[in-house]
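Starting from the known structure of chain A, arrange chain U on it as the hints suggest.
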Amino acid sequence: MAKAIPRREEDYSLWYNELVKKAGLAENSPVRGCMIIKPYGFSIWEKMQQQLDTMFKNTGHENAYFPLFIPKSHLSKEADHVEGFAKECAVVTHYRLKNDKNSKRLVVDPDAKLEEELIVRPTSETVIWDTYKNWIQSYRDLPLLINQWGNVVRWEMRTRLFLRTAEFLWQEGHTAHATQAEAVSETQQMLDVYSDFAEKYMALPVTKGVKSESERFAGAEDTYCIEALMQDGKALQAGTSHFLGQNFAKAFNVKFTNKEGKEDLVWGTSWGVSTRLMGALIMAHSDDDGLVLPPNLAPIQVVIIPIYKGEKQLEEIALKAKKIHSSLISKGISVKFDRRDTHKPG
Amino acid sequence: MASGTLEIARRDTKEKKSYPIKGIEDKIKFLLTEIQSNIYNKAQHFKEQNTHQADTYDEFKTLIENKGGFIYAHWDGTKETENIIKEETKATIRCIPLNGNEESGSCMVTGNPSSKRVLFAKAY
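Taken in sequence, the protein lines are chains A and U. Quick note on the working numbering: the first sequence kicks off at 1 and runs consecutively. Quick note on the working numbering: the second sequence kicks off at 1 and runs consecutively.
This is chain A alone, in the form it adopts within the complex:
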């Protein structure tokens, strides 16, 4: 690293910010609170995604995709839910711009006002349960086990790269079940998936628990979570899994005919982890010299650096290094041969 980052002891917060930038993981964007994830940072996120996606599929889930925009009337159908998210929603009111003749500037066309405003999803329960109403009629349609990879927007005032950003990437699982017991066990199963992922891949020990009422997800009956400890002694919530009871089924009128031929409301869960996990990964393991990644999530696990005198020796070494390179790859290890002469070995 060309220029040293601050030491953790001096200023942990600055250490983190500088590390994220110097390691080439992410940077701030022209819109305050939004981030640009750079290729190296994104390749770590991709490794996380791949592993989590495998774990979701191994537990019977399928991926789907729902729209970015939610009609305002949908969001207001579940009372607690809207109250929890209303303060941080981005709203689309118009669909066209035009050149103003007088000022010669681009302005919002007042004639292009939407009849109903659209909300940029802060989470997708409402659009998904509105859809489930059409997908679920009988107990044979259950359980419905769906995950979505996407982005959401929550208008945060105090933001930090990866840890808290207005737009972030995440996955959100949304499942529907015939019984309460089944939905509760799904909620707990996904918490276990998250805690296995954190411990085995992120090398991050976590404590599993349930949130108190005031920290609960807006619209849930119970929020389960995993909590990790960062090097400055602060906790970081690394994943949540919600038991929704029949709240969203009631709000969106999602009913099914059970085995006895009677109509009943569907039970739900939702669960998610986000690019916030990148923040946890960086903060938990890195040191005053910079980024430390657990090998299970490192995009490059091994770097081969030649130590040589003169061009001739470099070519000889490069030949040997190539052999080692390919035999490591055949063993499933990711390798980079770094012969840049601008960097000193060591």
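No lab work stands behind these hints: they were computed from the structure. This structure is a prediction, so every number in the text was calculated from the model and none was measured. In this text, a Cβ means the ideal position worked out from N, Cα and C, and glycines have one as well. Mixed in with the good hints, there may be bad ones.
[What the hints assert, rightly or not] Derived, one-sided and incomplete: chain A residues facing chain U with beta-carbon distance under 7 Å:
hint, residue
1, M157
2, T159
3, L163
4, T207
5, G209
6, S214
7, G233
8, K234
9, L236
10, P294
11, P295
12, N296
13, S327
The following block gives chain U in isolation, referenced to the frame of chain A:
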């Protein structure tokens, strides 16, 4: 490399060691597994060192102020008490642990009965 050996530098411990090139692939595979568990163990050790119990509110305030970390304490289960703690110390209830032992005690703020300790910390 000319001598048939190469040097391996570990990022986690910053240790450097020479190994013969013959059989290096298996050595590296082994080392990657070891690094993974070393990083976990280090984090686990840190977590243990920074997890405390508080029995009185004064003790709790001192711990939060000076040491931070995870603090297990008794809470009476009310929103009001939770808010008092949050306003006075900036610590929040992170969770009611699933694997926590049942242990009857009294709330560190109100003295009302509690059946198990909950996890407090300042949080991101």
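Open item on the list: Hint validation: A:G209 versus chain U, beta carbon distance must be below 7 Å. Holds or violated?
Closed with: Constraint on A:G209 satisfied, holds at 3 Å.
Open item on the list: Using the nearest Cβ pair, does A:K234 come within less than 7 Å of chain U?
Closed with: With a closest approach of 5 Å, the A:K234 hint holds.
- [ ] Return the status of the interface hint for A:M157: holds when the least beta-carbon distance to chain U is below 7 Å, violated otherwise.
- [x] Hint violated; A:M157 Cβ to chain U Cβ min 15 Å, cut 7 Å.
Task: chain U contact restraint on A:T159 - CB to CB distance below 7 Å - done: Violated. Min distance 12 Å.
TODO: Would you settle whether the hint for A:P294 is holds or violated, based on the nearest Cβ-Cβ distance to chain U being less than 7 Å?
DONE: holds (5 Å)
TODO: Using Cβ atoms only, decide whether A:T207 comes closer than 7 Å to chain U, and label the hint accordingly.
DONE: Interface hint status for A:T207: holds (6 Å vs cutoff 7 Å).
Open item on the list: So, as I understand it, the hint says A:L163 touches chain U; can you test that by seeing if any CB pair is closer than 7 Å?
Closed with: holds (6 Å)
Open item on the list: Next item in the hint list is A:N296. Is there a CB on chain U closer than 7 Å to its CB?
Closed with: Hint holds; A:N296 Cβ to chain U Cβ min 6 Å, cut 7 Å.
Open item on the list: The hint names A:S214 as touching chain U; please verify it with the least Cβ-Cβ distance against 7 Å.
Closed with: holds (6 Å)
Task: When the least beta-carbon distance from A:S327 to chain U is tested against 7 Å, hint result - done: holds (5 Å)
TODO: Return the status of the interface hint for A:P295: holds when the least beta-carbon distance to chain U is below 7 Å, violated otherwise.
DONE: holds (4 Å)
Task: Restraint outcome when A:G233 is required to lie within 7 Å of chain U by C-beta distance - done: holds (3 Å)
Comparing the model with each numbered hint stated earlier shows that hints 1 and 2 do not hold.
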